[in-house]
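K.L.:
Here are the chains, one letter per residue:
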Amino acid sequence: MTSVDFDEVSAEDVSRHFGRRRAVSRMSFLASRGMILGLLGPNGAGKSTLLAMLATLLRPSSGVIRYGALRVSDGAALRARIGVLGHDLFLYPELTARENLSFFAGLYGIADSEGQARAALERAGLDTRGNDPVSSFSRGMRQRVALERALIHDPRLALLDEPFTGLDDASTEALLGRLRRLRDGGAIVILATHDLDLAEGLLDHALFLRDGRIVETMAAPDRLRSTYRSVIGLSSQTR
Amino acid sequence: MMRAIWLIVRKDVTVEVRSRELAYTTLFFAVSCVLVFAFSLVQEGRAAEGVGAGVLWMAIMFAGNLALGRTFERERQSETLRALMLVPAPRPAVYLGKLAAIVVLLAITEAVLVPLVAFLFQAQLLAHPFWLASVVIAGTLGFAAVGTLFAAMLVRARSRDVLLPVLLYPITVPVLIAGVRGTVAIAQPEFDADIVRFWLMLLVAFDVVFITLALWTFEPVMTD
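For the record, the sequence lines run as chains A and B. In terms of my numbering, the first sequence has 32 at position 32, counting the first letter as 1, and numbering is strictly consecutive. In terms of my numbering, the second sequence has 176 at position 176, counting the first letter as 1, and numbering is strictly consecutive.
Chain B on its own, in the form it takes in the complex (with noise of 0.2 Å):
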């Protein structure tokens, strides 16, 4: 199972260093996106406590659902997702696989995306790495699997673009809200870890279920 997931995530990367599409199109949508707020929301080089945060996450957010659209949209062009479900790794194995290429791709993004929205809104977000990494991770983790899931379930959905971030956006609003409060406490200017610590474990609760409802449906519905 580990060989397999293995061989999804560096087969995912690969064709994505040589198209470059993902990489493009999500840092192009999430730079433009952060600048606008920039640009309306930070008066004489300031903006409104906890702004940053929410304009950080809302850019994951969206580029995190062109991501998964377009990833998937690979593999239905030349029906690749069949094949996945054709080899003789357990199914559960082919999510994980997808699901841990999609977080390392959304992990470049936010990579050039935090040090940004902590320049543009002066917010002090990388006074706490360690923290802001494991908020961060576990947030993108939380929106990734239900991602996913989606995304491989609608795959051949004549209207999938559409469908998929009405269906994602409603589940994942729980992993927004406490990536969003998470990442305001560590941004304090009096860091407080235990406020920063429940968020953090209230992502990873939602992690544990979302990966944990994805293991156990992804099976059934991608064999019809």
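Chain A on its own, in the form it takes in the complex (with noise of 0.2 Å):
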């Protein structure tokens, strides 16, 4: 596998129809390195169908997207630097959380895959409960655990469906803090989102979504909430 890397992820005009449903229509952003861009909007904005095409699960149906001078073709080597959280888990409960953070890392090429495995279970505060299997696990521990196994190859593009999801307070300041450091560190964290206050003071760049299209950007967004219900609607359900 060839090791391939870029500053930013491009879409142009993507759209994305399920049959005559259309999930995602002519969507165009830029993200570069060391942002943290925010997907906001309801329940069906198509945030999740989005985060899919992203992370090559998906193709669209028409539209293109970049990241840098790679295209979805790329194939594994693009896969090698993409970090996916989505909504379900992707945990094998039977198995521990060591054994699947292991088993993720050695998809993910890393020659240490015990070693890291063991890293991930420290920063997700989890070391001593690493051989528990991860049925046994809280949703928040589960989040936690499975936050590290999207994170566990150092992803160029991390992909994030509702981060914030069943962790207490303690593991959401850790969780903002995580992002903070990967945006630092040059990564480019794309995530949805519908907790508004948490959103707030994290996000670079905010697109602002509605039955699929894009009907509002922000760079440098503040009072997001305020703004979500001018543009979105107040009817919308959020946090």
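Each hint can be trusted.
Residues on chain A that point at chain B, a partial pick, calculated with CB under 10 Å: (1) 52; (2) 72; (3) 78; (4) 87; (5) 89; (6) 91; (7) 104; (8) 149.
Keep in mind that the hints were calculated from the coordinates and are not lab data. Note that beta-carbon positions come from the ideal geometry of N, C-alpha and C, so glycine has one too.
Reassemble the complex: the two chains are provided individually, in unrelated frames, and hints are given to aid placement.
P.N.:
Written as structure tokens, this is what we have:
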């Protein structure tokens, strides 16, 4: 596998249809290294579909996604630089946290997968529970393991779908710190969230999505909640 | 690629050792199937010629269908199949890893089924263990090669439990025929290696065709 890298991710007029339903419609944006980009919008706005396309799991029906000079067709080499935390956690409940992390580290080609798994457990604050099966963990603990699984190969592009789900205050603070460190380390972080309070002060750029379209963009966003209300509407559910 | 295949096989076997779900369900089902046929087809301690081979392969195919569905149901529940699609290993490695794991798990079931069928049907299956193992493994591989591809394709289909056997059995009929005929030939009192070799080569040819087609189609069908 060739080692590849990129400095920015861009979507150009990207659409995705499922039959007659249009999940994402003509979205264009650019995210660069050292940036946290937020995707904000109500359920069904197209956030998860957009993340799936950026993750190379779905092909756009039209439009192009570029990863610097790379395209989806670069396949395995490109996937090696992408980390994904899905709404589902991508963990095997029968395996221990250590086994899950070590398994994925191995698949990402990390030579010392056991050592990497140990370090990831420490970062998640779960080093004492590493040998317990994931099925015995609370949602928040599983979320922390899943985040470390997504980032275990130090990806250039981190795609996070609702990363704050199930986390207590301490874990949320730790995650915010982790995301800022990722940004400072030159990663491109794209996250979908409903949690506007947490997103405020974290995001460098925000895209407001509704019905599969980008309805507003904000650089260095503040007052997210009032902007959200004005562009998305009062009826939308946010925390 | 070999490392990815090995990791996936080891993971699937570890999950199975912890849950024992597939072993219990496939074994229980396959043994029940063999017992039912034994009660109805064995008269005065003997069955008609070739019945044992037919029952063995029917049990393997039914148990295999059960195992395939369940293996991918596990991957669906936590969307871990998507995680496997995201790793930088070539996607055919994911297919080969899942295929190898299913063959290993089915081989455990077969290790119980073969002596049971040989005993209940008084079939001389174990007289030529090398040939029997070759035919059973080649047949299982062909069946699992098609089944792994279809089970992966159907993992997000709502009616996957119905669709899997509907798609799988017609396509694997050649494997079933060659497996049964090869096993019947092995159990003959006058063993003819040439006949067994013919059926075995046919199974190997099916395996090559099915695995090649599956490797070719796995990536495109799993991308969307």
